[in-house]
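A.B. asks: Taken in sequence, the protein lines are chains R and S.
The numbering of the first sequence is UniProt numbering, which starts it at 1 and goes up by one.
The numbering of the second sequence is UniProt numbering, which starts it at 1 and goes up by one.
Rather than coming from a laboratory, the hints here were simulated on the basis of the structure.
Just so you know, even glycine gets a beta-carbon here, dropped at the ideal spot from N, CA and C.
Some hints could be false.
Anything over 12 Å on all C-beta distances counts as not near chain S; from chain R, calculated [claimed, not checked]:
| # | residue |
| --- | --- |
| 1 | Thr-35 |
| 2 | Ile-37 |
| 3 | Phe-47 |
| 4 | Ile-96 |
| 5 | Ile-104 |
| 6 | Ala-123 |
| 7 | Ile-135 |
| 8 | Ser-139 |
| 9 | Trp-147 |
| 10 | Ile-171 |
| 11 | Asp-199 |
| 12 | Gly-227 |
| 13 | Ala-245 |
Which residues of chain R face chain S? A partial, calculated answer using Cβ under 7 Å [stated by the list, open to error]:
| # | residue |
| --- | --- |
| 14 | Ser-11 |
| 15 | Ile-95 |
| 16 | Met-102 |
| 17 | Gly-107 |
| 18 | Ala-134 |
| 19 | Arg-138 |
| 20 | Asp-141 |
| 21 | Ala-253 |
| 22 | Lys-255 |
| 23 | Asn-257 |
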Amino acid sequence: MNSLSHAVRDSSTMLRRNLLHARRYPSLTLNLLLTPIMLLLLFVYIFGDVMSAGLGGAGRSQYIAYLVPGLLLMTIGSTTIGTAVSVSNDMTEGIIARFRTMAIHRGSVIIGHVISSVLQSVASVVLVGAVAVAIGFRSTDATALEWLAAFGLLVLFAVALTWVAVGMGLISPNAEAASNNAMPMILLPLLSSAFVPVDAMPGWFRPIAEYQPFTPAIETLRGLLLGTGIGHNGWLAVAWCLGLAVLGYFWSASKFNSDPK
Amino acid sequence: MTNPAIAANGLRKSYGDKTVLDGIDLAVPEGTIFSLLGPNGAGKTTVVKILSTLVSPDPASGEIRVGGHDLAADPQAVRAAIGVTGQFSAVDGLITGEENMLLMADLHHLSKREGRRVAAELLERFDLVEAAKKPASTYSGGMKRRLDIAMTLVGDPRIIFLDEPTTGLDPRSRHTMWQIIRELVTGGVTVFLTTQYLEEADELADRIAVLHDGRIAAEGSAEELKRLIPGGHVRLRFTDPAAYRSAASALREVTRDDEALALQIPSDGSQRELRAVLDRLDSAGVEADELTVHTPDLDDVFFALTGSNVPTQPNQPTQPNQPNQPKEAVR
């Protein structure tokens with residue numbers, strides 16, 4: 001067997017292991033889903049009228065349309081906190097030491113985590129999307145190609161955040177630390193254009209909202225789903241994703257390959 | 001010993017200023033059990049971690065070969081030859097025992113059918129059939145350790161590292177584990193075993209190395225090591241000072257302990273030598289209040305080599321070691 005098919009085989013074995021964990025113990029993933037769903041319901045039903053009035057909108061349904069793309073991306077951020085926690089948990093297990101002393105593809109442990117996490121992100125996005133549709137979100141103007149692009153963006157974004165989260169999990173000595181270290185994943189969307197447009201924010205705050213990965217990704221997704229202008233946000237979002245993925249990959253690889261403590 | 005299973009020269013490792021291993025040499029012939037003996041913190045686990053490619057040795061170390069492969073140049077070839085059961089059980093607690101076994105089979109690239117066969121066979125051999133469908137986290141200590149070794153055996157390794165395989169096990173599980181280890185070697189496997197229990201090394205190992213302060217303090221068979229220190233003795237204790245004095249003059253070669261009214265006579269503990277001592281006491285008309293026979297065991301060797309005082313235990317010298325007793329408490 002050559003080394004590529006080795007890598008594929010070992011990684012898919014590790015993926016099966018991670019999916020088995022996720023299926024046996026779904027509570028972590030499901031708990032993390034609560035935050036975006038709660039925020040969705042809160043901002044639509046409690047703050048919805050005020051928010052849409054403040055944005056000069058016609059009503060609640062328009063605010064739902066504005067809100068959902070941001071919350072879909074926030075769902076990915078939230079899921080990757082779970083990734084950091086489960087990677088950190090896993091590293092404290094003796095089984096990882098065993099894997100390191102076996103003649104298996106070195107990266108397969110991490111690759112298994114990444115693919116499993118991306119799949120969980122996609123499943124979570126589908127769930128939150130279903131809730132959004134149930135409370136009135138519609139994306140009727142989008143073409144099939146735009147739908148496909150939107151899906152691609154969500155997956156790419158999940159891959160990027162997951163690699164970073166894996167690195168965070170690897171540097172965390174325990175689950176609590178991992179959960180804290182991965183906090184930006186859910187804080188950044190709160191500071192982005194997910195809930196209100198950047199234009200409506202105070203001037204001093206705008207750079208914080210603008211120069212971070214969530215805002216361009218949200219604007220791009222919004223454009224794809226609702227037909228609003230994307231502008232330079234598309235390229236910015238892709239650049240952020242690729243940059244974070246590459247950075248997270250090298251960070252994780254160097255941490256995993258260094259001698260365990 | 002043309003091609004030892006494990007050969008290490010000048011193995012060194014330090015973490016920051018702290019030197020854990022200060023240049024140790026090891027040579028383990030194929031098909032034997034080698035035991036690395038030492039107290040907690042002596043560096044036993046570090047040796048296992050290095051030889052099993054888990055951590056890298058200091059660059060100042062000499063050549064290290066495991067299974068004929070150079071550790072630094074070809075770690076994957078070393079990994080293909082070895083199996084490791086660490087001190088802390090290397091099982092995935094979230095999945096069942098059977099799933100753990102199948103995971104190993106997949107990682108060794110066995111076919112589905114072959115994997116199932118090997119997993120079922122090993123679960124049977126290690127008495128885990130009943131528990132096979134339960135999550136490994138629910139297993140008892142002994143069961144986890146058995147699953148751990150079963151997982152190690154899936155790839156049919158030629159060299160097996162066992163890092164303190166019986167620490168924390170109850171006596172029955174410990175004897176089961178010893179039986180398992182003995183069976184491994186009959187199949188030609190080389191076993192590298194670390195332990196803090198002298199009894200265990202004595203029971204199992206062909207050769208024993210005593211690790212102390214990052215160096216090998218002594219190496220040899222259990223018999224050779226026991227020969228390193230002064231032999232056994234008979235100890236007689238008296239309550240009557242007069243009887244003590246007449247016994248001391250009736251016997252030759254005695255070491256007197258006037259305060260305790262005890263005499264120590266060098267002896268191998270054989271029936272003949274004991275009778276000689278008793279005959280002399282009889283003809284002198286004295287009777288000892290207490291007679292104990294002390295034969296040298298690995299404990300004596302260990303304490304002699306690691307620089308601690310040999311604990312004199314006049315009341316129960318021939319009693320077997322108690323492995324569960326922390327050695328620090330004895331010292």
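A.B. asks: Each of the hints needs a verdict: does it hold here or not?
C.D. replies: Verification of the hints:
Distance check for Thr-35/R against chain S: the nearest CB is about 24 Å away, which clears 12 Å, and the non-interface claim stands. No beta-carbon of chain S comes within 12 Å of the beta-carbon of Ile-37/R; the shortest separation is about 26 Å. Look at Phe-47/R: its CB is around 40 Å from the nearest CB on chain S, clear of 12 Å, so calling it non-interface holds up. Not every Cβ of chain S is farther than 12 Å from the Cβ of Ile-96/R; the closest lies at roughly 8 Å, contradicting the non-interface assignment.
Taking the minimum C-beta to C-beta distance to chain S, about 5 Å, the non-interface status of Ile-104/R is violated against the 12 Å cut. Here Ala-123/R stays apart from chain S, with its beta-carbon at least about 19 Å from theirs, past the 12 Å limit. A cut-off of 12 Å between C-beta atoms confirms that Ile-135/R is not in contact with chain S; the least separation is 35 Å. Non-interface status of Ser-139/R relative to chain S is upheld: no Cβ of that chain comes within 12 Å, the nearest being about 38 Å off.
For Trp-147/R, the non-interface assignment is confirmed: its Cβ lies about 36 Å from the closest Cβ of chain S, beyond the 12 Å cut-off. For Ile-171/R, the non-interface assignment is confirmed: its Cβ lies about 18 Å from the closest Cβ of chain S, beyond the 12 Å cut-off. Annotated as non-interface, Asp-199/R keeps its C-beta farther than 12 Å from every C-beta of chain S; the closest such distance is 48 Å. For Gly-227/R, the shortest C-beta to C-beta distance to chain S comes to about 45 Å, beyond the 12 Å cut-off, and the non-interface label holds.
Non-interface call for Ala-245/R relative to chain S: holds, since the shortest CB-CB distance, roughly 26 Å, exceeds 12 Å. Annotation: interface hint on Ser-11/R violated; nearest CB of chain S at approximately 11 Å, more than 7 Å. Hint on Ile-95/R holds. Least Cβ distance to chain S is approximately 5 Å, under the 7 Å limit. Nearest Cβ of chain S to the Cβ of Met-102/R: about 6 Å, under the 7 Å cut. The hint holds.
Interface restraint check for Gly-107/R: the shortest CB-CB distance to chain S comes to about 13 Å, outside 7 Å, so the restraint is violated. Proximity of Ala-134/R to chain S is violated relative to the hint, the smallest CB-CB distance being about 33 Å (cut-off 7 Å). For Arg-138/R, the shortest C-beta to C-beta distance to chain S is roughly 40 Å, which exceeds 7 Å, and the interface hint is violated. Here the hint on Asp-141/R is broken, as its CB sits about 45 Å from the closest CB of chain S, past 7 Å.
Given the 7 Å rule on beta carbons, the hint for Ala-253/R is violated: about 16 Å separates it from the nearest Cβ of chain S. Using the Cβ-Cβ criterion of 7 Å, the hint placing Lys-255/R at the interface with chain S is not satisfied: the shortest such distance is roughly 15 Å. Interface restraint check for Asn-257/R: the shortest CB-CB distance to chain S comes to about 11 Å, outside 7 Å, so the restraint is violated.
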